[in-house]
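All chains should be modelled from the sequences, with the hints used to inform the complete structure.
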Amino acid sequence: MAERIGEVIQVYTTRFLAQSDNLSAPPHFGSFVKVESQSIPVYGIVYNVYEASIDPNRRAMAYGIEREALFKHQPQIAEFLKVEFEAAVIGFNDAGHIRTYLPPFPPRIHSFVYPCDRQEVLDLTEDLEFIRSVNVLPGLPVEELVAASIRLIYAERGNDRAFLIRAGQEIAQLLKDEYEKARSIIRRISDGR
Amino acid sequence: MGDKLKKIGTIISGSLLSGLEAKLAEDVNVEGISVGRLIVVDGKNNKFFCLLKDVSLEATNEDILLSPPNDDFAKLVHAGVNTFYKLSIQPMLITAQDPTEDDRPRPSTTVPPHFSPVCEATEEDVSLIFGSPGIINPEIGSPIFMDVPVCLNLERFCKRSNAIFGKSGSGKSVLARMVLGYLVKSDMAINLIFDMHGEYGWSATSESTGIDDPSLKQLLGGKIAIFTVDSDSPLYRRIRPDYDVQIPYSAIEIADLELAASELGLTQAGIETMYRLADKWKEDKWLARFLDMDTDELSAAVEELKVNDQALGKLHRCLARLKRLPFIRKEVADDTVERIMNEIQAGRHIVFQFGRYNSMLAYILVANILTRRLHRLYVDKTDSARADGIEGPKPLIVTIEEAHKFLDPQVARQTTFGTIAREMRKYNMVLLLIDQRPSGIDDEILSQVGTRIVGELGDERDINAVLTGLPNQGTLKVLINNLEPRQFLLTGFALPMPVVIDAKDYGQFCQEISPGSGVIIDEIERRKAMDDLTVKVFGDDEIIFD
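Protein chains in written order, with my numbering: chain R, 1 to 193; chain U, 194 to 739.
Keep in mind that the hints were calculated from the coordinates and are not lab data.
Cβ coordinates follow ideal geometry from the N, Cα and C atoms, glycine included.
Where hints are given, some of them may not hold.
Restricting the straight-line Cα-Cα distance to at most 16 Å, the calculated cross-link-like pairs of lysine to aspartate or glutamate (EDC-like) are [stated by the list, open to error]: (1) U:Lys268 with R:Glu170; (2) U:Lys268 with R:Asp123; (3) R:Lys181 with U:Asp256; (4) U:Lys473 with U:Glu496; (5) R:Lys176 with U:Glu255.
Here are the in silico distance ranges between beta carbons for each label pair [unchecked claim]: (6) U:Glu219 with R:Gly64: 56 to 64 Å; (7) U:Glu219 with R:Asn159: 21 to 29 Å; (8) U:Asp698 with R:Glu180: 52 to 60 Å; (9) R:Asp160 with U:Gly700: 48 to 56 Å.
Okay, structure coming up:
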């Protein structure tokens, strides 16, 4: 299994919050992650990544020095920072079968978060249900998120144009009453962008 | 052949009355779908044979129409989702999915369920509907975009008056020649063809190539008798007509002259004067006597009849035009109608030609006089045959060109042609109308027409007239509007459903119909079969005599 990238620190049925292990390598926006919890891997799509002070009462301060140089000279500053990311739950693994709907229970806090491997990404996105899942969650930057993840899968599938067209059609179908929204996503995923 | 059902869409809505609507499948190019195609909808238990009547562009959302997708990718992904094509199709016939022998397609009385697949008709479907070619079911073309025979059921064709309409250049004469040729060949009925433009005799000049194509006499030889009013015409230098026709003045009735009133320049007053003359001088004598009069005799007649001298003078001048038609004579050697009857009873078909006298006047007079007398004869013979319980005279199809001259609403009620069209097959006589101006024909007559063969028509009024009395007029109108030269819409009694065809190639028709080629091919086939039999019985060892 790939190296872990974080640990779950807050959960809901539809989303979870995790703290990143590595300050310098946060997960990509729109990438697919999984949480191993109670022997059911739960899959999510990263929709928000942020870096903040570990003390909610103390904000980070500007020092006027390049980040690399600052950490070299005052390594304790890094200790006061954390990277957290939020992911929307889009499916789970049911005894070897990937299900693209919500699991019966959310992952538990302190479970570890791993990036999905290539095969998992392919299986998870084959039916394109994840677009529907993220579209219904409130407060998500749906247009950017869907476009980012489709670009990612497109690359993962070796620039499979048939997939891109299928994804575009799925978006057009799902958002047929919100033509402008569909149009902006389609513009973001079309070739050469 | 083979089952190459190609799904082109899915039924989404519609009704039997207004037609069905289908969504075009996303992988089908809309530009390859054209109106007039035969379509099959695969229902659960039944197959529905339909006609494609319209294709339209549709969108699920107004917004996409206001800001259309501007790159190819966007167009591609919206296609079939936000934008789609709708096919309007008219169900016509229905048949069971696995038809048995006596399961003929019948008119559709219901609709297929939602989301039934819509396919293009296969060759098997077409032959299931239109039957396979034969002598009484000849192939006259193929559905547009298909290479399968569409056959005309001549048995049904002969039972009603029929019509071939189309503007000049639409190919109606060539098609008419084919239909007549097959009718002659099948002997389902005797044909009497009034050939105004000399196209149904020995040969006819092809409009496209300018070469003389063989026509009925050349193709069918002894089955055809040519009658002509102009035996001196250069037309007959090579091939003599069978009969020379002369018409006596006594055979011309006032009603005939009335029909040709506009050609003769007759006024209403002139017609009334003719009736006075006929009353005074006997019905069959007055015309010859009147035309022989000089000026003095005319003024005497004015005194005698108490008519306006100017009116009588004008009438005399008008009727004098008849003198210029040399086939109208005072005395004639024998009776043309009797001869025609004899030929009909002998089973020969008659082409009546006009040679150089192909003016409307000569045509109307001759066609009307002969048909009227034939009709009287037919009525008598049929009635007496009925009384005696024997078979009546042979069924007769009278083909007239420029049919609107005889059947225009003002005269249709009085002319023999109007009577024949209305009484249908009662007296074994029906019409085949050939016309380029169907709007000039009386509605009542049009609604009696059994089978209509419609080519390209320009005028809206003509198109409406052609459709008089037909169901699904909207659909058929679209089809007529889209016809090209040599394409025809066939609809009516002799066909199970309307269909648009590309007319059969004339050369192919000639090959098929001429007795020569057929006989030779038949003979070759027969000898081959005999040889095979000999080999089977005796072996194919060479026999050596020493």
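Verification of the hints:
no. : hint                               : result
1   : U:Lys268 with R:Glu170             : holds (14 Å)
2   : U:Lys268 with R:Asp123             : violated (28 Å)
3   : R:Lys181 with U:Asp256             : holds (11 Å)
4   : U:Lys473 with U:Glu496             : holds (13 Å)
5   : R:Lys176 with U:Glu255             : holds (10 Å)
6   : U:Glu219 with R:Gly64: 56 to 64 Å  : holds (59 Å)
7   : U:Glu219 with R:Asn159: 21 to 29 Å : holds (22 Å)
8   : U:Asp698 with R:Glu180: 52 to 60 Å : holds (56 Å)
9   : R:Asp160 with U:Gly700: 48 to 56 Å : holds (54 Å)
Violation of the numbered hints given earlier is confined to hint 2; every other hint is satisfied by the structure.
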